[in-house]
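Top to bottom, those sequences are chains H and Y.
Positions 0 to 264 (numbering that gives the first Met the number 0) are the ones given, in order, by the first sequence.
Positions 0 to 303 (numbering that gives the first Met the number 0) are the ones given, in order, by the second sequence.
Among these hints, one or two may not hold up.
[Said to hold, decoys possible] Reference excerpt, derived from the structure (chain H facing chain Y, CB under 8 Å, subset only): (1) Y21; (2) T33; (3) R99; (4) L105; (5) A106; (6) P108; (7) A256; (8) K260; (9) V263; (10) T264.
[What the hints assert, rightly or not] Distance ranges between label pairs, derived from CB positions: (11) L42/H / G161/Y: 30 to 38 Å; (12) T89/Y / D174/H: 54 to 62 Å; (13) G134/Y / L206/H: 36 to 44 Å; (14) S56/Y / R212/H: 49 to 57 Å; (15) N180/H / G134/Y: 31 to 39 Å; (16) N180/H / T53/Y: 33 to 41 Å; (17) G161/Y / E208/H: 24 to 32 Å; (18) R212/H / G102/Y: 40 to 48 Å.
[As the list claims (entries may be wrong)] Listing some non-contacts, in silico: residues in chain Y with all C-beta distances to chain H over 12 Å: (19) H4; (20) V23; (21) G47; (22) A70; (23) P79; (24) D249.
What the hints contain is simulated information worked out from the structure, not anything from laboratory work.
Fair warning: this is a prediction, and the values are worked out from it, not measured in the lab.
The beta-carbon is built from N, C-alpha and C at its ideal position, and this holds for glycine as well.
Below, each chain spelled out in residue letters.
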Amino acid sequence: MAATTTPVRPHEGRLAGRAFAYWMANYRRVWRGTIISGFLGPLFFLVAMGFGLGALVDDGGLGGTGYVEFIAPGLLAAQAMQTAVGESTFPVMGALKWHRQYHAMLATPLGIADLVLGHVAFVTMRVAITSVAFAVVAVALGAIASWWVLAAVFAAVLTGLAFTTPVFAFAARQDNDSGFNVLFRFIVMPMFLFSGTFFPVSQLPALLEAIARVTPLWHGVELCRGLVLETATVAGSLGHAGYLLLWAAGGLWLAFASFRKRLVT
Amino acid sequence: MVGAHRLTKRFGEFTAVDAIDVEVRRGEAFGFLGPNGAGKSSTMRMIGCVSPPTEGSLRILGLDPATDGPAIRARLGVVPQRDTLDEELTVRENILVYGRYFGLSRAQVNAKADELLEFAQLGERAGSVVEPLSGGMKRRLTIARSLVNDPELLLLDEPTTGLDPQARHVLWDRLFRLKRSGVTLVLTTHYMDEAEQLCDRLVVMDGGRIVAEGSPRELIALHSTREVLELRFAADDHAPYAAKLTGLADRVEVLPDRLLLYTDDGDATAAAVHGRGLAPLSVLARRSTLEDVFLHLTGRTLVD
Ligand SMILES: Nc1ncnc2c1ncn2[C@@H]1O[C@H](COP(=O)(O)OP(=O)(O)OP(=O)(O)O)[C@@H](O)[C@H]1O
Ligand SMILES: [Mg+2]
């Protein structure tokens, strides 16, 4: 059938709001816990890494910026990545295999595009909540001092989106959760450590630096840092944002294809 | 309501549904009867517009599933073989959430939930989480939920499999009421008593094909006799006894543990069996059922 050759048909996706409403209803049962951890996580990280470790770090290499001011925007972007990946792995597999919410939705007027867009919108909202919480903590601790933090929150949300859609595509192709361990250990963790969150990538050997510069996280970190340290250029920021959007769009296309392959049989 | 012509579903090389023709009329209860793997669920998923046919034509409610899937599904109720309830939500929340998928407003779906919980006799459990509920309650909830959009056509894939007799009768009663209120029912089952109870017309499927079609009564009249005499002998192999019974019945079916004699008068045939000097351990004369039809058509029993 023609339906299986293209990942999504033009009119699909209009009903995504209904799928989003389900995830919100589901979230209402657990939101308190996630809000508390949303504040505590950044607090611990900033205090330990920024103030504890930062006190020992020679800030000469950072061009006069204090270490905590340096890593705060990096952590903002990295946390967006982690929330996005976390919310796009097990919950997606659960909705496919364990709780089968996607199957329930597909028996109604909703289609593949509605499922994907509704759930991606929900994950994006989760990323937004954790990013706002992080920004509030960072500003309260004095780790971020610029009003540009508001733009940086948007940049963090965009960073999350650049991970959400490709991970959706990946998760829909997994039969069990062992693939997620690989994803966390060999992709997310190295990116977290080596994509400019904790130190400039120029410190890395040339090859690793080149790799770090193509990761979406590096672009997210640079974008957030440029904004809150007010060192960004318009062209540079647009470049980073465009690159992240490309990942988000490409991932979305793959997610449609993966979901269709998995659910329309 | 449903019109399928040479409808076919293949998974790779394997043909699950093999060029079947089906016509379901408004207001009737139509059944697919068949053993495991017959292709019932594959057919239901195509009718439910979640699985595209490989070949053949299919019209649901006068529309084409390939282009009007969402519009059709908006008017269908679906009870899948495996429940897709959200076990962490409450009974009532499951209905509310599902109603929202159909675009019902909060007020509409709230009013509807009360009505459906009452209908499914789940009013007292409205606030319970679904997970610990009994199988029968979950099945009733799935049916209640599938009615949230007032469907014209309700698809039920093995609605009562795995339920105890009492729970099955409760469900049958609910389905009768739905039918009386004008909802067209399409259901699958491998219980012939269920098919006889619920279906105005049915098809018997086996290996992806339709092997017989008609009302339960017609099928029995066409493919079986009025009565069946079941004989059990004290032996592991019943085949030798069949040879001694030639001429006593229209047809003799040899099962591992008993013989079935197809006849119009069971008691008379039983007397004739004794007349030949045979002494079975047990003798049972009963009415023909769809099970006998199925056995005749496929040489196998329906439920193993
Ligand atoms: N997605 C699929 N991929 C491959 N094979 C499938 C798929 N779905 C069903 N089949 C096969 O198609 C055949 C028919 O399956 P189907 O589920 O339609 O049978 P059924 O009549 O509903 O059986 P049951 O009474 O066990 O529910 C089976 O052999 C099954 O293994
Ligand atoms: Mg089935």
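In ascending order, which of the hints set out earlier in this document are inconsistent with the structure?
Numbers 2, 7, 8, 11, 12, 13, 17, 21, 22 and 23 - these are the hints that the structure violates, sorted from lowest upward.
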